[in-house]
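Peer 1: Sequence:
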Amino acid sequence: MDPNLRKILINKILDQIKIAIIDNNRLSHFFLEYENIQSTIRGNIYKAKINPKAKGMEASFVDIGIGRSAFLSQFNPLKEVVGDEGKDQSRITYGNFVLVQGVSDYDPRKAPKVSDFIALPSKYCVIVQKPKFFGISKKINDKKRKRFSSLKKLATNDCGIILRTSSENETIAEIKKDISITKRKWKKIIKDFKENDQPGIIHQENNIVDNLLREFLINDKNIIQTDSRAIYNRLKKDLDKKTDIKLVNKKKNIFSENNLSQEIDKIFFKKVKLKNGSFLLIEEKEGLTVIDINSGNSLNNRKETIFNINKLAAIEICRQIILRNLHGLILIDFIDLKKPKEKKDILNTMIDNLKKDKAKHTILPMSKFGIIEMTRQKKGSRISTTLSEDCEICHGYGVMPRKEIKCYEIISNIINHSKKTKKKRISIKIGNRLFSLLDEIIKKNSSSPSLKGLNIKLVSEEIQRDFEII
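All residue numbers for the sequence shown refer to the working numbering, where the first residue is 305 and numbers rise by one.
Don't take each hint at face value.
Derived SDA-like pairs: lysine to any residue, alpha-carbon spacing no greater than 25 Å straight-line [to be verified]:
#1 Lys-450 / Ser-484
#2 Lys-495 / Ile-422
#3 Lys-489 / Asn-500
#4 Lys-724 / Glu-772
Quick list of simulated restraints, FRET-style, between CB atoms [said to hold, decoys possible]:
#5 Leu-668 / Glu-561: 37 to 45 Å
#6 Lys-728 / Asp-569: 28 to 36 Å
#7 Asn-400 / His-721: 53 to 61 Å
#8 Glu-765 / Glu-499: 54 to 62 Å
#9 Arg-488 / Ser-740: 43 to 51 Å
Keep in mind the hints are simulated off the structure, nothing from the lab.
Computed from a prediction, not measured in an experiment: that's the story for all the values here.
Every residue, glycine too, gets a C-beta built ideally from N, C-alpha and C.
Please model the entire structure based on the sequences and the hints provided.
Peer 2: Below, the structure is given as structure tokens:
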């Protein structure tokens, strides 16, 4: 398999969508979302009404029509592009309406965050609410940047344009077409903002599939496989004809067929084994992650040095940081190294392996105690939060798979069992922990094509496994 090839697997069970991205034959990213649950406001654009500013605060709360106030903090994220400055937005005043965009995921414990800087992304560009601003991603070098000068005139009084890294090798004609389509969306947003007289949503960001493909597709070096005909049809319609898209037989589990099920289960394990016998211990807390490298039995091999153990660990740590979507402060405790050159090599290994990370991060040099400190931007929830919950038996000292995850796995098994056996009446033994939620999900989705015509009977019984088909 070409090492530059990226494989994207999309699995859909009822309203649950799982996406796995494989680079260099290894799982590099994993995402999970439910279609019918608005779990995020990130990327959505709202008409907001300014609430009175709290005393002593440099920020405001705004009403965006979701039943609770959102926190508006003004900031300028244009540091990541090179371009001409445009005029700033008008000052925010109490009682006024303003266009805002969600910048955080929904959290019932906190006010959602919004920004008055609007960015409407597409495949090759981002339309921004900054008149006549024209910028180009810093990741595009100076030589290639020159060819985009003819596009500068497309930045007008009503919006600015940023060219994304994906435009680097695309034709000017294709980029112009993309800008034109995105500007039409922008004009509709402005029109709706002017016509709507109440706070509320004006533009909803696309679903997880569209968003991730926009971020992760690598020109022609992609293989996309899905077991959903609806997703397959949409991708065939929307993506370049050169993109390799396959519809997989639903009788097979697309993740199991690619040996991913166990890999995904390991994401919330604290212990990560390395091929030389050493291992990592990853402790996740709110806003802080501590990663410890343990030599294990690797030093039994005379060829293994402490430097080699640390280097292999550094590579895997970078993979785990991205895969688990760790954010906030991350402390990495390496096995003691004496030579400054070796310490610098470990730091450079981490910098190199995080170059393609889409979240902003800062890595500090290794301290005299062998610790590397780094911070990473929060972009969505940690995967451990998505996949696991506190153990009900040990009261939070350990974790276990979320009930929702297990219920959808059981439903997938029921559907596959029905297809293999041609049975329409199926009885399931299920433990008390999952019984109520599984029953609720099945009833809610009883009219979906996957469950339609099936008569599923649940029997509450404490059993060794999660479920048992009778």
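Peer 1: It remains to establish, for every hint, whether it holds in the given structure.
Peer 2: Evaluated hints:
no., hint, in the structure
1, Lys-450 / Ser-484, "holds (21 Å)"
2, Lys-495 / Ile-422, "holds (15 Å)"
3, Lys-489 / Asn-500, "holds (16 Å)"
4, Lys-724 / Glu-772, "holds (16 Å)"
5, Leu-668 / Glu-561: 37 to 45 Å, "holds (42 Å)"
6, Lys-728 / Asp-569: 28 to 36 Å, "holds (31 Å)"
7, Asn-400 / His-721: 53 to 61 Å, "holds (58 Å)"
8, Glu-765 / Glu-499: 54 to 62 Å, "holds (58 Å)"
9, Arg-488 / Ser-740: 43 to 51 Å, "holds (47 Å)"
Going down the numbered hints, you'll see the structure goes against none, and every one checks out.
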